[in-house]
Amino acid sequence: MNVLEVKNLKKYFATQKAVDDISFELKKGSIFGLLGPNGAGKTTLIRMITGIFYPDEGEIYLEGEKFDPNNDALKIGYMPEERGLYKKMKIGDQAVFLSRLKGLSKGDAIASVKEWFIKFEMQSWWNKKIEDLSKGMGQKLQFVITVLHRPKLIILDEPFSGLDPVNANLIKDEIYALAQKGATIIFSTHRMEQVEEICDHIILVNKGKKIVDGSVSGVKQQFKENLFEIGFENASGSLSSPAFTLIGKRDRHIVVKINEGYRSNQVLQFFIQQGVEILSFTELLPSLNDIFIKLVEGTPLARQFQPVMA
Amino acid sequence: MNKILIIFQKEYLTRVKNKTFIISTFLLPILIVTFIGVTAYLASHNTEKTTIVVNDVSGDFANNLKSDTSQVSFVYDNAANADNFAQKGYKAVLIIPKYDSAKKDTIRLVSEKELGLSTQEYVKNQLGSALQKKLFKEKKFDKPSVDSILQTSVTDVYEFNAYKQKEGQIQQSNFWAAYGIGFTSGMVIYITLMIYGMMVMRGVMEEKTNRIAEVMVSSVKPFQMMIGKITGIAAVGLTQFLMWVVLIIVLLSAAGVFLPHETLHQVQQTATNMHGNGSVQAGETASKLDEVTRAFAGTKWILIVFCFLFYFTGGYLFYASLFAAVGSVVNEDAQEAQSLTLPLTMPIILSFVVMTTSIYTPSSGLSVWASIIPFSSPIIMMSRIPFGVPGTVPWWQLGLSMAMLVAGFLFTVWLAGKIYRTGILLYGKKPTWREMLKWALRK
Chain A
1 MNVLEVKNLK
11 KYFATQKAVD
21 DISFELKKGS
31 IFGLLGPNGA
41 GKTTLIRMIT
51 GIFYPDEGEI
61 YLEGEKFDPN
71 NDALKIGYMP
81 EERGLYKKMK
91 IGDQAVFLSR
101 LKGLSKGDAI
111 ASVKEWFIKF
121 EMQSWWNKKI
131 EDLSKGMGQK
141 LQFVITVLHR
151 PKLIILDEPF
161 SGLDPVNANL
171 IKDEIYALAQ
181 KGATIIFSTH
191 RMEQVEEICD
201 HIILVNKGKK
211 IVDGSVSGVK
221 QQFKENLFEI
231 GFENASGSLS
241 SPAFTLIGKR
251 DRHIVVKINE
261 GYRSNQVLQF
271 FIQQGVEILS
281 FTELLPSLND
291 IFIKLVEGTP
301 LARQFQPVMA
Chain B
1 MNKILIIFQK
11 EYLTRVKNKT
21 FIISTFLLPI
31 LIVTFIGVTA
41 YLASHNTEKT
51 TIVVNDVSGD
61 FANNLKSDTS
71 QVSFVYDNAA
81 NADNFAQKGY
91 KAVLIIPKYD
101 SAKKDTIRLV
111 SEKELGLSTQ
121 EYVKNQLGSA
131 LQKKLFKEKK
141 FDKPSVDSIL
151 QTSVTDVYEF
161 NAYKQKEGQI
171 QQSNFWAAYG
181 IGFTSGMVIY
191 ITLMIYGMMV
201 MRGVMEEKTN
211 RIAEVMVSSV
221 KPFQMMIGKI
231 TGIAAVGLTQ
241 FLMWVVLIIV
251 LLSAAGVFLP
261 HETLHQVQQT
271 ATNMHGNGSV
281 QAGETASKLD
291 EVTRAFAGTK
301 WILIVFCFLF
311 YFTGGYLFYA
321 SLFAAVGSVV
331 NEDAQEAQSL
341 TLPLTMPIIL
351 SFVVMTTSIY
361 TPSSGLSVWA
371 SIIPFSSPII
381 MMSRIPFGVP
391 GTVPWWQLGL
401 SMAMLVAGFL
411 FTVWLAGKIY
421 RTGILLYGKK
431 PTWREMLKWA
441 LRK
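Top to bottom, those sequences are chains A and B.
First residue of the first sequence? That's 1 in this note's numbering, and the numbers climb one at a time after it.
First residue of the second sequence? That's 1 in this note's numbering, and the numbers climb one at a time after it.
Think of the hints as simulated: they come from the structure by calculation, not from any bench.
Model, not experiment: these values are computed from the prediction.
Think of the CB as a built atom: it goes at the ideal place given N, C-alpha and C, for glycine as much as any other residue.
Errors might be hidden in some of the hints.
To give an idea of the chain A side of the interface with chain B (calculated C-beta under 8 angstroms), a few residues [as the list claims (entries may be wrong)]: (1) THR50; (2) ILE52; (3) PHE97; (4) ARG100; (5) LEU163.
Think about it this way: if two alpha-carbon atoms lie no more than 25 angstroms apart in a straight line, the pair counts; the simulated DSS-like pairs of lysine-lysine are [unchecked claim]: (6) A/LYS88 x B/LYS438; (7) A/LYS75 x B/LYS438; (8) A/LYS10 x B/LYS438; (9) B/LYS221 x A/LYS75.
Between beta-carbon pairs, the in silico distance windows are [what the hints assert, rightly or not]: (10) A/SER134 x B/PHE21: 25 to 35 angstroms; (11) B/GLN9 x A/GLN123: 34 to 44 angstroms; (12) B/MET243 x A/GLY182: 28 to 38 angstroms; (13) A/ASN38 x B/VAL246: 50 to 60 angstroms.
Could you put together the complete structure from these sequences and hints?
What follows is the structure in structure tokens.
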């Protein structure tokens, strides 16, 4: 079943089309990467999914039913990029307050906060204030507050910014665990290596439009350039053949691009006939980073500033 | 609705539990009562007397300067001069030259330490009345009789009362009671609007600069957030106000038990002496106070308390929502906030200025219209109501003013909600008034 379905969503501001006809769907338990350069419309899209903005056109379905911003707050956990907490309020009270706002009863809220604080070894923080915490601790707390009320859909905007590797791993593991338990996660970031590592499904948004949609491996296949790396024992003789073009050479490795109409076996055959001792033969898939840069580069670097909603 | 309540609770409890709130709530009444107590103590225990030695060559003043038993006493010794008065054990010397009508001589009051304005004034007054006495004698008038004629007031011979014609009945007018109630109510509303309006604004700014706004709006509507905050802070204001009233009453009555009666009497005397400069005036003030007390008893308290609560709440909602809107559009910069709050504080200050004149002329055109327009009605109408409904303030004016205020705050809350919704999520550049107006008019 699809947890979230977004159909032809549009949001136009006076000066630009922030989200221009975007559709996608999310399966239960998937970890979904929402990618795009600054100003691509990611935040606007997320704000519509969380009910902060009303879409101009299009529909959002949550668990098969039309999304109702007033009553569905409990189903969604959102950690915005611009995030923070009340500096002077006690951490425990604050967590309880925010989960009550989501719709938990006071008793449930307190129980849930205690459970999570134990899990993340934060019990001693209850009576502290945010201003007493380091930035990383604050981020950890922010994550806990986002998932406290057991939302079905968790939206994380740059969740690892400001975290050290140890705490980043802690949260990464927690994201996997939540997905395993059936929560669906939307993960918005510019950090492509994290997306490759975590996500199983991505879309790439640029200038308000969806330009790529698929699984991480699928997208890589889609954008591959038929590059192979070949490792030799002894490199002698000619390295030119109509079957491929030599792209790079270093030490006992070469990178070749297989020409249109030829197959990898033909390339291997060529080298074998040359009497070359082949040690390795690997397909080179583009990294998401390369794909991202390739697709986004050249488009006038979007909007430098946040849209002014006038 | 439920979410507004949760926010209301949070806003209320975090502020009420705050140390600053607790300290200021308890400290202010204690300060006020201590101030009154210290004044009373000083007034009754200030026994230090200034003895002035008088060197009167003319002999016109000798024994005609009256000593004030508690402050100043005069001693006559023509051997005393500016060089030896201290050795003789006096605080000051008053040197009066021989009277010469041809030239204006100087009377010198010489002391080692500054004598203070009140002592100087006292000496001058005594010299004046001694001089009058001498002049009366020369002209063959009798000073006491002239004094009594000059000080005769119409109320010594007749009773004087102001009446109001109302529906065929004639009522005694009670200007001072109305003035007191009106001014106090207006003043309290003025202070409330300023202090708590600013508190709302700072609260919203805090949410914005702490970047919690977006976390919040994913679970509640911005409008709920704003209403929860405004009502929460209103409750804080009412709590503090009630605590002050109760504490001041308790402390004053406790002081009444512990302080001797004479001391309290002394305080009253001191207070009256501040205004008048004689016992005759004190007597007058006393009878005026008595009038006021009687007038207070005749006041329609229920109507006034109801109207006060109405204008207090209405005025607060009217302005607090605008302050919230301003808070939502500014960033950390306090300077920015200042330039945007000016258009809000100006009408409040202006209302207060208008009140200081309108309270003397509660039926003038300015007073009537200022009490109907919602920008100034909370302060001005409250200063008029004690003068009588439906006498000074006809029912139609009160009704129109209340309706306008309700319409006014519904409008400002709606308008502020629109601006707040956009402003709270906007970082970076401060929007202009035109942009804010555009947000408000957008559907």
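Results for each hint:
1. Here the hint on A/THR50 is kept, as its CB sits about 4 angstroms from the closest CB of chain B, short of 8 angstroms.
2. Using the Cβ-Cβ criterion of 8 angstroms, the hint placing A/ILE52 at the interface with chain B is satisfied: the shortest such distance is roughly 5 angstroms.
3. The criterion of a C-beta within 8 angstroms of any C-beta in chain B is met by A/PHE97, whose closest approach is roughly 5 angstroms, and the hint holds.
4. Evaluation of the A/ARG100 hint against chain B yields a held restraint, the C-beta minimum of about 5 angstroms falling below 8 angstroms.
5. Interface hint status for A/LEU163: violated, as the beta-carbon distance to the closest one in chain B is roughly 17 angstroms, over 8 angstroms.
6. Taking the CA atoms of A/LYS88 and B/LYS438, the gap is about 34 angstroms. The hint is violated against a cut of 25 angstroms.
7. Of the supplied pair hints, the one linking A/LYS75 and B/LYS438 is violated, its CA atoms being roughly 33 angstroms apart against a limit of 25 angstroms.
8. Only pairs whose Cα atoms come within 25 angstroms are accepted, and A/LYS10 paired with B/LYS438 is accepted, the gap being roughly 21 angstroms.
9. About 16 angstroms separates the Cα atoms of B/LYS221 and A/LYS75, which keeps this hinted pair within 25 angstroms; it holds.
10. Between A/SER134 and B/PHE21 the beta carbons are some 29 angstroms apart, a value that agrees with the proposed interval 25 to 35 angstroms.
11. Between B/GLN9 and A/GLN123 the beta carbon distance is about 25 angstroms. The supplied range of 34 to 44 angstroms is therefore violated.
12. The beta-carbon spacing between B/MET243 and A/GLY182, approximately 51 angstroms, falls outside the hinted interval of 28 to 38 angstroms.
13. A/ASN38 and B/VAL246 have their C-beta atoms about 57 angstroms apart, which keeps the hinted 50 to 60 angstroms range intact.
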